[in-house]
Amino acid sequence: MLKIGSGAGFSGDRLEPAEVLLEHAELDYLVLECLAERTIALAQKEKFHEPEKGFDPHLEVRVRRLLPLLSNQKTRLITNMGAANPEAAATKIVEIAKELNISCKVAAVTGDDVFQVIETNHLLPNDNPQQVKKENLLSANVYLGAEALLPALETEADIIVTGRAADPSLFLAPQIHHFQWSMHDYEKLGKGTVVGHLLECGAQVSGGYFADPGKKEAADLADIGFPFAEIEEDEVVIKKVEGTGGVINLQTVKEQLLYEVHDPANYFTPDVTADFSKVEVKETGENQVQVTGGKGHERPDKLKVSIGYHAGFIGEGEISYAGANAEARAALAGSILEKRLSDKVPHLRIDYIGMSSLHRTSFGEHTPYEVRVRAAGHSDSEEVAALIGKETEALYTNGPAGGGGARKKITESIGVLSNYLSRDQVHPKLIIRSTDNETI
Amino acid sequence: MKLYNIAHSRAGDKGDIVNLSLIPYQEEDYEFLRRHVTEYKVKEHLQDIVKGDVIRYDIPSFKAFNFVCQQSLLGGVTTSLALDTHGKSLSFALLEMEI
Chain Z
296 MLKIGSGAGF
306 SGDRLEPAEV
316 LLEHAELDYL
326 VLECLAERTI
336 ALAQKEKFHE
346 PEKGFDPHLE
356 VRVRRLLPLL
366 SNQKTRLITN
376 MGAANPEAAA
386 TKIVEIAKEL
396 NISCKVAAVT
406 GDDVFQVIET
416 NHLLPNDNPQ
426 QVKKENLLSA
436 NVYLGAEALL
446 PALETEADII
456 VTGRAADPSL
466 FLAPQIHHFQ
476 WSMHDYEKLG
486 KGTVVGHLLE
496 CGAQVSGGYF
506 ADPGKKEAAD
516 LADIGFPFAE
526 IEEDEVVIKK
536 VEGTGGVINL
546 QTVKEQLLYE
556 VHDPANYFTP
566 DVTADFSKVE
576 VKETGENQVQ
586 VTGGKGHERP
596 DKLKVSIGYH
606 AGFIGEGEIS
616 YAGANAEARA
626 ALAGSILEKR
636 LSDKVPHLRI
646 DYIGMSSLHR
656 TSFGEHTPYE
666 VRVRAAGHSD
676 SEEVAALIGK
686 ETEALYTNGP
696 AGGGGARKKI
706 TESIGVLSNY
716 LSRDQVHPKL
726 IIRSTDNETI
Chain G
16 MKLYNIAHSR
26 AGDKGDIVNL
36 SLIPYQEEDY
46 EFLRRHVTEY
56 KVKEHLQDIV
66 KGDVIRYDIP
76 SFKAFNFVCQ
86 QSLLGGVTTS
96 LALDTHGKSL
106 SFALLEMEI
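If you're matching them up, the sequences are chains Z and G in order. If you read the first sequence in this note's numbering, its first letter stands for residue 296, the second for the next number, and so on. If you read the second sequence in this note's numbering, its first letter stands for residue 16, the second for the next number, and so on.
No lab work stands behind these hints: they were computed from the structure. Predicted model, so just to flag it, every value in this text is computed and none were measured. Take these hints with a grain of salt, some might be off.
Unchecked claim - Pairs of lysine to any residue residues, derived as SDA-like cross-links and limited to a Cα-Cα distance of at most 25 Å, are as follows:
#, chain 1, residue 1, chain 2, residue 2
1, G, K66, Z, P420
2, G, K29, Z, K577
3, G, K17, Z, L653
4, Z, K577, G, M112
5, G, K78, Z, N544
6, Z, K599, G, D68
7, G, K17, Z, L545
As the list claims (entries may be wrong) - According to the in silico footprint, chain Z covers these stretches of chain G (three or more CB under 8 Å from chain Z):
#, region
8, 26-40
9, 43-54
Glycine included, every Cβ here is placed at the ideal spot set by N, Cα and C.
Construct the complete structure from the given sequences, taking the supplied hints into account.
Now the structure itself:
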């Protein structure tokens with residue numbers, strides 16, 4: 296049996312559940328999925344200014360806490376915390392291991408950075424409605440598949456760190472390695488991808504992003520347990536550590552099976568076109584669900600590339616109104632902001648939080664006790680974007696009665712475009728760093 | 016009756032597309048949902064949110080549906096001016112539907 300745990304579903308995910316998994320689940324592998332599309336563009340920028348940086352900002356704290364446990368349990372770690380710089384991440388991990396007096400070998404898998412290929416061959420997608428200019432490009436990273444990770448798994452590396460790899464591939468690679476599946480056995484790769492898809496978002500299959508009091512219960516959410524899979528050739532069970540919070544049942548598994556999926560019969564990854572449409576799920580005990588029937592067929596010809604670009608700045612301001620006639624005072628505030636800002640910020644968005652900011656309607660009449668006005672707009676100029684927050688704040692003394700709790704914010708906006716590259720243009724590379732000073 | 020009473024949902028995003036799963040609490044309600052929660056009805060119900068097409072995928076093996084809604088996130092996660100840039104809350108907009 297192979298046991299794979301999911302210790303993070305995004306960069307800022309909670310730290311403790313991964314420790315609990317390592318202490319109690321007897322894992323063969325722990326996977327930390329920490330890389331969002333726009334994050335890698337920001338990391339690329341950081342690497343540009345500081346060449347020894349560009350990996351996940353939480354890498355150091357995660358590795359410091361997990362390394363002793365990984366080493367004790369002989370659990371291998373697979374992670375995309377390398378972000379824009381897996382090599383520097385490997386060096387950093389070895390540095391931490393030396394400090395902790397733990398022997399550790401790290402394999403960095405690079406080759407996802409295809410910025411040069413995209414830039415020199417003018418490979419911006421035809422479908423480029425934002426008319427992105429070349430000088431605004433920040434990053435181009437191809438989604439590596441399990442195949443790129445296999446050479447790293449074949450080494451004795453304790454930790455495999457990469458950058459942009461398809462999320463389910465981080466979980467599929469150890470299954471291929473363990474069961475010695477062929478890269479052409481699409482049926483098996485499809486099954487393995489179902490497991491990866493279920494685990495890749497951390498707690499989202501074990502009661503996170505799920506609870507609805509009175510309707511969908513998840514016990515002791517504050518102490519939520521992250522999931523792991525027990526995998527045999529033909530059977531997979533999704534579980535969590537006994538005594539942790541959250542829930543794993545048919546509902547949580549079904550919700551996660553379809554999360555970020557379009558056509559369930561054609562889920563594209565670099566490894567396989569997975570088919571989730573014939574999956575069957577069965578509760579086999581408390582907080583454990585058996586998953587069967589994952590399928591797959593021929594992998595896509597080309598690999599997806601995620602291209603990050605600088606998209607100007609987003610300015611935001613918020614202020615609240617409460618009590619009698621709050622809605623009308625909020626509406627007045629919104630109209631004042633539109634008047635004061637419209638010549639500088641052409642597409643200013645005004646939302647009424649508490650009424651229609653999330654669904655752009657409230658499906659009927661509701662009178663809220665309090666309303667929060669939110670203004671948001673885009674500008675190529677940071678200064679202009681800042682005006683939105685400033686004008687919102689100025690509503691204290693220059694707006695309707697009783698405005699409170701004003702806040703302002705400016706965010707650098709990173710846009711993401713997609714394109715495709717043929718496989719022969721992508722060359723994954725393996726770099727080894729070790730506490731025993733071995734370097735390849 | 017609201018859809019909320021008999022089904023649950025989760026939203027996911029990709030670019031400017033949001034997908035909304037629809038899962039009956041009781042598997043025997045799958046047929047009822049298949050007949051009543053059509054692409055057309057969902058598009059009409061979510062008219063303030065979804066500006067493009069709605070496609071429904073049926074998954075009889077685990078009794079669930081997946082509604083893929085084009086042009087639903089004000090231009091896409093990364094540059095959208097929406098408060099909920101990912102459209103994560105939109106699962107509960109679907110469940111507001113009267114059936």
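Could you work out which earlier hints the structure fails to respect and list their numbers in ascending sequence?
The structure conflicts with hints 2, 4 and 9, although it agrees with all the remaining ones.
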